[in-house]
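Visitor: Chain by chain, the residues:
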Amino acid sequence: MESITIQKSDVESIIAKYNHSRGGLIGVLEEVQALYSYLPGEALEIIADQTEHTLVDIFGVATFYKSFSLKPRGKHLCSICMGTACHVRGGPIIEEEFQRQLGIKAGETTADKEITSETVNCLGACALGPIVVVDGHYFSNVNTADVKKIIRKTRKGLDKISIKGDERIFPIKISCSRCNHSLMDPKYPIDDYPSIKVTMSFGRKHGWLRLTSLYGSYNTESEYSIPEDEVLNFFCPHCHGELIGASHCPECSTVMVSMLIQGGGILQVCPREGCRGHLLDV
Amino acid sequence: MRKQNSIVEFQDFQDLLISDISPDIPTIIISSGTCGQASGAGSLIRVVKRELIAQQQTQNIRLRITGCHGFCEMEPSLLIMPRGTFYPKVKLKKVPMIISAIANNETISELLWSDPKNGGSIEKQVDIPFFKYQSRTILSRNEKTDPIRIFSYVRHGGYKQFVRLLEKGDHDYILEEVKKSGIRGRGGAGFPAGVKWEMLAAKKNTNGKFLVCNADEGDPGAYMDRSVLEGNPHSIIEAMLIGALATGATQGVFYVRQEYPLAIKHLLIALRQARELGVLGENILDTDFSFDLDLVKGAGAFVCGEETALIKSIEGKMGEPRQRPPYPIEMGINGSPTVINNVETWANIPIIFELGAENFAKVGTKGNSGTKIFSLVGKIRNTGLVEVPMGMTIEEIIHAIGGGAVGSKSIKAVQTGGPSGGCIPTSLFNLPIDYDSLSQAGSIMGSGGMIVMDENSCMIDVAKYFMNFLKDESCGKCYTCRKGTQRMYEILDDFSNGLGTPEKLELLIELAVVVRDTTMCGLGQTASNPVLSTIRYFPDEYNAHIESKMCPGGVCKELITYSINDNCNGCQVCVRACPEEAITGKKKEMHLIDLDKCIKCGSCVSVCQFDAVETA
Chain A
1 MESITIQKSD VESIIAKYNH SRGGLIGVLE EVQALYSYLP GEALEIIADQ TEHTLVDIFG
61 VATFYKSFSL KPRGKHLCSI CMGTACHVRG GPIIEEEFQR QLGIKAGETT ADKEITSETV
121 NCLGACALGP IVVVDGHYFS NVNTADVKKI IRKTRKGLDK ISIKGDERIF PIKISCSRCN
181 HSLMDPKYPI DDYPSIKVTM SFGRKHGWLR LTSLYGSYNT ESEYSIPEDE VLNFFCPHCH
241 GELIGASHCP ECSTVMVSML IQGGGILQVC PREGCRGHLL DV
Chain B
283 MRKQNSIVEF QDFQDLLISD ISPDIPTIII SSGTCGQASG AGSLIRVVKR ELIAQQQTQN
343 IRLRITGCHG FCEMEPSLLI MPRGTFYPKV KLKKVPMIIS AIANNETISE LLWSDPKNGG
403 SIEKQVDIPF FKYQSRTILS RNEKTDPIRI FSYVRHGGYK QFVRLLEKGD HDYILEEVKK
463 SGIRGRGGAG FPAGVKWEML AAKKNTNGKF LVCNADEGDP GAYMDRSVLE GNPHSIIEAM
523 LIGALATGAT QGVFYVRQEY PLAIKHLLIA LRQARELGVL GENILDTDFS FDLDLVKGAG
583 AFVCGEETAL IKSIEGKMGE PRQRPPYPIE MGINGSPTVI NNVETWANIP IIFELGAENF
643 AKVGTKGNSG TKIFSLVGKI RNTGLVEVPM GMTIEEIIHA IGGGAVGSKS IKAVQTGGPS
703 GGCIPTSLFN LPIDYDSLSQ AGSIMGSGGM IVMDENSCMI DVAKYFMNFL KDESCGKCYT
763 CRKGTQRMYE ILDDFSNGLG TPEKLELLIE LAVVVRDTTM CGLGQTASNP VLSTIRYFPD
823 EYNAHIESKM CPGGVCKELI TYSINDNCNG CQVCVRACPE EAITGKKKEM HLIDLDKCIK
883 CGSCVSVCQF DAVETA
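Residue numbers (this note's numbering), protein chains in the order written: chain A, 1 to 282; chain B, 283 to 898.
Rather than coming from a laboratory, the hints here were simulated on the basis of the structure. Since this is a predicted model, take the numbers as computed values, not measurements. Ideal placement from N, C-alpha and C gives every residue a C-beta, glycine not left out. Fair warning: there could be bad hints in the mix.
Said to hold, decoys possible - 20 Å max Cα-Cα, derived EDC-like pairs, lysine to aspartate or glutamate:
no.	chain 1	residue 1	chain 2	residue 2
1	B	426	A	281
2	A	75	A	30
3	B	375	A	166
What the hints assert, rightly or not - One side of the interface only, derived from the structure: several residues of chain B facing chain A at Cβ under 8 Å:
no.	residue
4	317
5	540
6	666
7	846
Could you put together the complete structure from these sequences and hints?
Guide: Structural data, given as structure tokens:
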């Protein structure tokens, strides 16, 4: 893995965030690990410098809890459940098969830095054991023959969506939630379907934004390049009213944008760039 | 969301929501907890939405996404209310058919649950044996509630009990009712919750008093707390509000293990919505009652389920237990008095006030009131979460609800209480499930894991598994626990490798007793249970390993060999599955395993459809 550069300011802003909250140190370490995928020694020294915790205490906590790693981890994290229910249904055999297929022991990372495999005590999906979780995707009733397939899918990327031929992805038609005017733009297709056209603004920028009308795809196009995490305001290009919703994004708590589905239902999407949070209520 | 500014305003709002219920409109309910999603509920939800729009049924059929209903084995499933139709293991291709059937108030009989014993199909969820013999007081609420929408909870009577008690303003009444209900802590030890609350109420502390919801469900094999938090987070928030009213606590903390990402997500959404609605935070509903809740994530340490370790972890320190007394009720978070209750204990609190304490106490047996949720998993036909009255026998749970063993195998034992519990043999299956009977049998209730073992499970392997778990999870503070669990593991490992001697068995028993008697916290004191209970009930298996160097369950690798019997029809599936090319044989001819090449990985056993691979 290319050596990670630790930005002092990044670590400091995490420390500041947890300064007043309960369980401070564990929270800080969790966020640092989320940022770098492990706990770099340099970051721990910054924490020791800036807080009342000594480096010894910090190492104590970092090594006491299983979820912290002092070694760099791979791009994908593969957790094999070692709970009792998974154990009696053959969890250890699955774990050995992972070892054999990846050529590494539990807790190690493959030489190409792609996959880290680890064992966990119980993931709480005991009825479906043996359970394997890769990057948040659950695989249930895993047998040894499945292991190869799981690894292949992992290397390809489990979040990748192939739009064609997936019955879970379907087109919807959208109207303004204020004036009921259709927002569909057949002249400007995205994913080969008419796009949803709205007006958006952020900062001093103001312009058009087109969203895919395929539910399950996340493609958008805009006349500006939008910075990551920027929260946009959406407007109807016909009545110019703001399309503000009543709910918060289930992923990131931003107030969502609401639109009507022609034929019944409400679609709410998160206006924060990079967030895929959405709710479709029929 | 509009904030409710007074008790009356909230009550009017709730009445308005309730009047909006149209019980006759068909509703599709999709069970979508972690286990549901692992089985494909996410895809099912998308396709149901697609079809509702495509068939223009959005006005006529409602959809509710909920937490887990408990029948995990049959997921992804659809429950159609008010008719009560249950479609198990729904294939995406069948969704259009099901939606049209619902629109015409029909059912598709070939997609219903069918009884493996007689092949007959059953339409309604309540008639399926798995559900029929349960008393689903807590779990049935998961079906009614969309966990990420507070209105859904309020519409079904949520926060009503809290608001009623807030209006009544009588702390002693709440304490009396909880005591009268007889509810005991569902985390395992069974301490009466009302008594604990009363002690906290009597404490004076200027720096505040704490309530904690212990959701560090570390027992491998138990997941009811996850299911309740994911499926009905507001019920726990309401319970803690009631607890705060009764005890004068000022702050609450959820301690949730980080292995439960969906529970954490739903809980954070619920907390935000409760604050927005005005039922949580400063001056709730414009009264002088204030209470707020934080969420602290556990970072993966089993011992943090122990209350003194949990407190240290909440304070951001290493989760090492300390000597009690002083108990948390004297010296808890930051030195302030603290009451810790488990998720399931909290989940019962609103129910006690809804049913009335006397009615609540009528369920179960004397001294063990109410229901208990068990996770029925392992080698059993119907796996899932089951909620039964206390005092039901293990036999009833395993056979009437669980449907007995898988295939032609026979059940040998059930393990309860996780690493602190023990194995109960079939001869004791008529034992009623309550705190006292289980501990007399050398096990404990624990948080409710019930792992079923059949003839293909090895009890030495199970004991070794728990000892491996405990030696890793021992915090190391007490020498006898740190070294004792390590040595017990090594001895059991010797047994499984054919290196056992009668002297080692004697040493194992001696060690187990020493560890039990000389350690400080619950982890060490109960660490010997898996060893002692298996020695007590399965001496023959220990003998087979020690004397004859054989593993009757066919699990301990060093003591078994694989062979192919004449069930083999030569399908070559195992030939392809074997990673070492140890299996040879032509198509339609019986195959053979080369024992020199065989690494005993079990791949052939898991792929064979004809029970043709044997262990001896």
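Visitor: A separate judgement is required for each hint: does it hold in the structure or not?
Guide: So, going through the hints one by one against the coordinates:
1. Restraint check for residue 426 of chain B and residue 281 of chain A: the C-alpha separation of about 17 Å stays at or below 20 Å, so the hint holds.
2. Only pairs whose Cα atoms come within 20 Å are accepted, and residue 75 of chain A paired with residue 30 of chain A is accepted, the gap being roughly 17 Å.
3. Pair hint residue 375 of chain B plus residue 166 of chain A holds up; C-alpha atoms about 12 Å apart against a cutoff of 20 Å.
4. With a cut of 8 Å, the hint placing residue 317 of chain B at the interface with chain A holds, because the nearest CB-to-CB distance is about 5 Å.
5. With 8 Å as the threshold, the beta carbon of residue 540 of chain B comes within range of chain A, its nearest partner Cβ sitting at about 6 Å, so the hint holds.
6. For residue 666 of chain B, the shortest C-beta to C-beta distance to chain A is roughly 5 Å, which falls under 8 Å, so the interface hint holds.
7. Annotation: interface hint on residue 846 of chain B violated; nearest CB of chain A at approximately 17 Å, more than 8 Å.
This entry does not satisfy hint 7, going by the numbered hints stated previously; all others are met.
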